[in-house]
Amino acid sequence: MFLKLQVPQGDYFTVQIKESQYSFYLNENIVQQIQLAQQTGGTLYIPPQLIIPLIYYACFTYHEVNEHLDDAPADNKYNINQSVSKSNYGRQKIQGIIIIFSILLNCLKLVFNKSFREQTTFQSAFTFNSYYLDNLSSDNINEAEQLILQSNIFLNGDIFHKIQQTFWESNSNISTIISAHYWLSEQILSYFQNNLSLIVGEITALIYAAILALNILPISLLPQNLALLPILIVAMIFLYYINSLIEDILRNIPEKRWSFLQAENLNNVAWLITSLIPTTLTIVMINHQPSIHQGLNSSEEWHRVYILLLLSCLRVVWPQMQKMIQPIFNRLLPLVGKGLMYLVSFL
Amino acid sequence: MKNEQIMIANRNGNGKSEDVKKEAGKLLEQFVAKTQEILEDITALEVNTMVVSNITGAKFNAQKSYQEVYTICEAKYFEENNIQPRDSQGNNLHKRYKSLFAQLEREYFSMMQDENPELAKKVNMPLKQEQLIDFISKSDYVYQPLLPKPEEYQALKTILSNYKFVSTLRKISELKAALDAGGVSNPKTDTIYAQTVIQIDGDIITRYHKNLFEVPEDARNVILKAHNEGVITGEQQWRELLNFFINFVRGLAGSK
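Sequences listed follow chains A and B, in order.
Under the numbering used here, the first residue of the first sequence carries the number 1, and numbering increases by one thereafter.
Under the numbering used here, the first residue of the second sequence carries the number 348, and numbering increases by one thereafter.
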């Protein structure tokens, strides 16, 4: 995954993320700007929608055991090569969808495929590489960036900092480059801590989208026909992204017009609008094609419509929910965890 | 609780629900134990600053590293790889390679004891430990490792699925990379110049390589500054990262 991140009040530079390996491509200009940012206390902006893929990469790693030991390990099953840039909004959304879709597929694979699960472990270390393009080296025809710094941060407390030898001997402003490297690693690592509430929000949003998606299809059909599962996932992701689109649109409406669109209500209103989609779909399906719901009486379907509307209204009417969801989530999480264990034991 | 479960099972005429409950409980315990394992190894923070001749950007390949470390115990390893018995400082290079291998072997012992205690009882552990010590100190000692051979793919898959083992393997491969390509040719490369260990009881130990004081002053200051900054940043980040994982996992698994 290639990212273009911006130094505070500075230029864009490229970051490549492969599992837990982060590679920074730096040059003299960027390093000076980073130095300025360090002195003024700026922080690096990383788009919040990346939090889920980054957490996923940070948690799991895949070790392949092959009969023939290749030099280039086949990690393309696992690696997602998408470039996410700040420029094009629509493209960004589509790439976000693709990333989340791949992650969900991987999660399913983890649950259902035993050999894949055996070869996946928790990530043991973060690696930060810095490549430096030296503008001053005129004798180097091939201006390939050189890997000059590498930090391996193990989760059990070992840290290895490596400096490349020729770079150490030759370059004059090496101290600033090393400082820049440390600052960037620090920014990335603190990104996880600072966005914990965001993670909680995103996961609850996904779960809510799943509940809504489940209500579109008659659930009694599901155990018999597991092929509906991908459709379910597609529906879930679709709803999740419709919701985020609506949120972004609502966020852009100036506050003076509709004063109730405060930060807390924004999420709820967006979900209300999003819930209208499965609701209308269900109503349409009931009226025009009753043959899909074989064996179900119409009162059940209307129950589902009522539930959908009730859920949406609750979210709007109950503005405290967003604030309260964090402690509730913290208390629910152990139950969810135990429930998942119970379910997994059935498989 | 167990008696109640048996009574319920008898009443239903079906022991399956009891098994399922036990299974689920066992799974949960395993999960929590694994996370405890991950977190219990954190008794010290160690920051190493080194200068290397070549940094590879490749992703860590567990299978390849395992093979490289395993072959150290083979008889012809040092001849085939042209490793001199002593490096330019007069340190015993062979011994250092062998002790890296011994570290991995010991990690395998403890893993076996945790996961497969019946198998561990069949092996004479104290004897193996003694043999390992002999292997490190004597030059022509042939050691029969307990570690599975790199060709035994099934066994390899099992041990590589153990988080702690892979973590240790990765650290050993880092240290081995520091030993390789260094040695006699150029004493300045691939050495760990500075190491700081911060222990949980408050002891801070800093070690410097003696070569550090023989390099020009500018270069030396670069290393010292980089190391100090690295320690400060590292300590802060390590602590915060740890808190993050602990809180997240604790929330998921419930407090025990």
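Note that these hints are calculated values from the structure, not bench results.
It is possible that part of the hints are untrue.
Here are the simulated DSS-like cross-link-like pairs (lysine-lysine), alpha carbons at most 27 Å apart as the crow flies [to be verified]:
1. B:K504 to A:K18
2. A:K338 to B:K369
3. B:K411 to B:K442
4. A:K338 to B:K373
5. B:K442 to A:K338
6. A:K18 to B:K406
7. A:K18 to B:K411
Just a few of them, taken from the derived set where beta-carbon distance is under 10 Å, the chain B residues facing chain A [said to hold, decoys possible]:
8. F378
9. A380
10. S484
11. S486
12. Y490
13. N568
14. G581
A few chain A positions that, by computed beta-carbon distances, are all more than 12 Å from chain B [unchecked claim]:
15. Y12
16. E169
17. I231
18. M341
For every residue, glycine included, the Cβ atom is placed at its ideal position computed from N, Cα and C.
Going down the list of hints, with the structure as the test:
1. B:K504 to A:K18: Given pair B:K504, A:K18 holds - Cα atoms ~23 Å apart, limit 27 Å.
2. A:K338 to B:K369: The given pair, whose Cα atoms are some 13 Å apart, holds under the 27 Å limit.
3. B:K411 to B:K442: Status holds; Cα separation ~22 Å.
4. A:K338 to B:K373: OK: A:K338 and B:K373 at ~11 Å, within 27 Å.
5. B:K442 to A:K338: Status violated; Cα separation ~49 Å.
6. A:K18 to B:K406: holds (8 Å)
7. A:K18 to B:K411: At roughly 19 Å apart (the allowed maximum being 27 Å), B:K411 and A:K18 satisfy the hint.
8. F378: holds (7 Å)
9. A380: Hint violated; B:A380 Cβ to chain A Cβ min 13 Å, cut 10 Å.
10. S484: At 26 Å from the nearest chain A Cβ, B:S484 fails the 10 Å test, so the hint is violated.
11. S486: violated (30 Å)
12. Y490: Where the cut-off is 10 Å and the nearest Cβ of chain A is about 24 Å from B:Y490, the hint is violated.
13. N568: For B:N568, the interface hint holds, since the closest Cβ of chain A sits about 8 Å away, which is under 10 Å.
14. G581: Because about 5 Å separates B:G581 from the closest Cβ in chain A, which is inside the 10 Å limit, the hint holds.
15. Y12: holds (21 Å)
16. E169: Nearest chain B Cβ is 7 Å from A:E169, so the label is violated.
17. I231: The claim stands: A:I231 keeps its Cβ more than 12 Å from every Cβ of chain B (closest is about 29 Å).
18. M341: violated (5 Å)
Figure legend: structure checked against the earlier numbered hints; hints not met, in rising order: 5, 9, 10, 11, 12, 16, 18.
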